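Novice: Residue strings, one per chain:
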Amino acid sequence: GAGVSQSPRYKVAKRGQDVALRCDPISGHVSLFWYQQALGQGPEFLTYFQNEAQLDKSGLPSDRFFAERPEGSVSTLKIQRTQQEDSAVYLCASSFEGGTEAFFGQGTRLTVV
Amino acid sequence: GIQVEQSPPDLILQEGANSTLRCNFSDSVNNLQWFHQNPWGQLINLFYIPSGTKQNGRLSATTVATERYSLLYISSSQTTDSAVYFCAVDLNDYKLSFGAGTTVTVRA
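Chains as they are written, first to last, in the numbering used here: chain V, 1 to 113; chain L, 1001 to 1108.
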């Protein structure tokens, strides 16, 4: 596609609910990243995929967070048993390969109530 | 991990003024990007500039990798330049580390 596409744009979840956030990267981009951005701060790295392989998940804040990219294209970030501290904007980015220019999607704003 | 410091944290400009935003980083990097974030939250690419100087219209950027800093110049600022500007660096070919951003407000 023309750019990185994320859905939904906004998600309100009740505490304890599971959520799934989708990212559709730029066609042909090997690398895919997830970032979390709290209000008033810069984005923080969550995880990195090269094709379908998850090479770094060191930024995932807890074992309630899980990401996958089974066919090396679309990725899903899943958060189980959401907590209020999970409220943030979740940004997806892709690049042709690691170390090249990264392009970001519009983000999903998650609010846990 | 690598430290990325942006200054100033806030910048208020009169329309037509010029300004310089600074990004300092604590280690040698393979990649440096400047973004601005629009009111809807999307990060818009401005420059991919691990070293050297680039210009795009009224914006230009310079990275001096050996001295671990980058500068973003905005000339003849317009109200539409109002945004949060982020610098991001990576030292291992994938993980971007972001600064806290500079909030630029341009007044008419």
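I should point out that these hints are in silico values taken from the structure, not numbers from a laboratory.
Computed from a predicted structure; not experimentally measured.
A few of these clues could be false.
SDA-like cross-link-like pairs, simulated, lysine to any residue; straight-line CA separation at most 20 Å [what the hints assert, rightly or not]: (1) L:LYS1054 / V:THR111; (2) V:LYS11 / L:TRP1040; (3) V:LYS57 / L:GLY1001; (4) V:LYS78 / V:THR111; (5) V:LYS57 / L:LEU1091; (6) V:LYS57 / L:GLY1041; (7) V:LYS57 / L:TRP1040; (8) V:LYS11 / L:GLY1041; (9) V:LYS78 / V:ALA2; (10) V:LYS11 / L:GLN1042; (11) V:LYS57 / L:LEU1046.
Quick list of simulated restraints, FRET-style, between CB atoms [unchecked claim]: (12) L:GLY1016 / V:LYS57: 44 to 50 Å; (13) L:ASN1045 / V:TYR10: 22 to 28 Å; (14) V:LYS14 / L:SER1051: 44 to 50 Å; (15) V:THR100 / L:TRP1040: 22 to 28 Å; (16) L:SER1028 / V:GLU101: 17 to 23 Å; (17) V:SER5 / L:SER1051: 18 to 24 Å; (18) L:GLY1052 / V:GLN84: 43 to 49 Å; (19) V:GLU52 / L:SER1051: 30 to 36 Å.
From the three backbone atoms N, C-alpha and C, an ideal C-beta is built for every residue, glycine too.
Novice: So which hints don't hold here, by number, going up?
Specialist: Those not satisfied are hints 1, 6, 7, 9, 11, 17.
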